[in-house]
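S.K.: Here are the chains, one letter per residue:
2 protein chains.
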Amino acid sequence: MNYLEEFDKIMTDQAEIALATSIDNIPNVRIVNFYCNPEKKGVLYFSSFKNNPKTVEFSKNRNVAFSSVPRNGQNEHIRVTTAVVSKSKLTIYDLKKEFVSRVPDYEMIIDQAGDQLNLYELKFREATVIVDMNNISKIRL
Amino acid sequence: MNYLEEFDKIMTDQAEIALATSIDNIPNVRIVNFYCNPEKKGVLYFSSFKNNPKTVEFSKNRNVAFSSVPRNGQNEHIRVTTAVVSKSKLTIYDLKKEFVSRVPDYEMIIDQAGDQLNLYELKFREATVIVDMNNISKIRL
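Protein chains in written order, with our numbering: chain A, 53 to 193; chain B, 53 to 193.
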């Protein structure tokens with residue numbers, strides 16, 4: 053099995069991650085939409101309203117973890133335990149087409165409130181690809 | 053809107069949570085199946101194989117957080133930022149019917165490997181009920 057191909061397939065097919073942060077060793081987690089560019093390995097983009105509490109958490113501890121959220125009935129997913137979050141140099145407008153194609157509701161949100169959204173990047177070098185209980189592998193990106 | 057009723061409805065309808073832990077301020081997250089008894093507020097049950105890495109994380113830091121995972125197309129979900137994890141006095145066999153009714157695959161897992169599963173409880177006093185962007189409320193349980 054080519055796990056790098058599986059990684060690309062899962063990250064293209066799935067649209068949400070559960071994103072975990074930690075402040076003073078107290079974890080927090082929320083589900084966010086994301087976009088990964090298959091040509092740019094090890095980077096995942098998501099947006100947040102500028103005044104959202106998670107943006108404060110990011111500024112206090114950039115170490116985060118995530119799991120992609122399987123769609124109904126699926127088992128396959130991606131897990132990353134050592135990612136670093138930072139504000140992207142891109143804006144949500146740069147990736148509007150990509151987000152809207154994955155989450156159609158984003159068109160209205162970006163049109164109405166794009167200026168209030170910050171674009172963030174998660175960077176990571178390793179990911180665990182879980183295809184099913186018997187096919188699991190760690191890959192380097 | 054009766055947010056306690058919404059809480060019960062969401063926790064009955066949805067079957068998975070994204071469960072976040074933290075060790076040395078490094079977060080981790082995985083998606084697990086759960087069961088909540090509507091008669092027993094503020095307790096959520098999930099199981100884990102005894103040798104799974106998350107069981108070590110629980111023993112090092114019992115403070116965890118979770119978000120329920122909306123089913124496809126839904127927005128409503130529950131978030132809890134201050135939960136405490138502990139091993140349950142019940143076993144997976146005590147809740148077999150409840151887990152299988154939510155996740156049919158559990159029948160085979162419990163029949164074949166129930167002895168290797170530990171049942172855990174998350175206890176929490178507050179939850180945030182997110183029905184949609186305009187209907188969000190914190191409740192006490």
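Please keep in mind that the hints were generated in silico from the structure rather than gathered at the bench.
Mixed in with the good hints, there may be bad ones.
[What the hints assert, rightly or not] Heads up, simulated BS3-like pairs for lysine-lysine below, C-alpha to C-alpha not over 27 Å straight-line:
#, chain 1, residue 1, chain 2, residue 2
1, B, Lys106, A, Lys106
2, B, Lys106, A, Lys112
3, A, Lys106, B, Lys190
4, A, Lys102, A, Lys139
5, A, Lys106, B, Lys175
S.K.: Tell me if the straight-line CA distance from Lys106/B to Lys112/A falls inside 27 Å.
M.R.: holds (24 Å)
S.K.: Lys106/A and Lys175/B: Cα distance at most 27 Å?
M.R.: Holds, because 23 Å separates the two Cα atoms, which is no more than 27 Å.
S.K.: Within a Cα-Cα threshold of 27 Å, do Lys102/A and Lys139/A meet the stated pairing?
M.R.: holds (11 Å)
S.K.: Checking one constraint from the list: CA of Lys106/A to CA of Lys190/B, max 27 Å. Satisfied?
M.R.: Answer holds: Lys106/A to Lys190/B is near 17 Å, not above 27 Å.
S.K.: Holds or violated: Lys106/B with Lys106/A, Cα cutoff 27 Å?
M.R.: Roughly 24 Å between the alpha carbons, so the hint for Lys106/B and Lys106/A holds.
No hint from the list above goes unmet by this structure.
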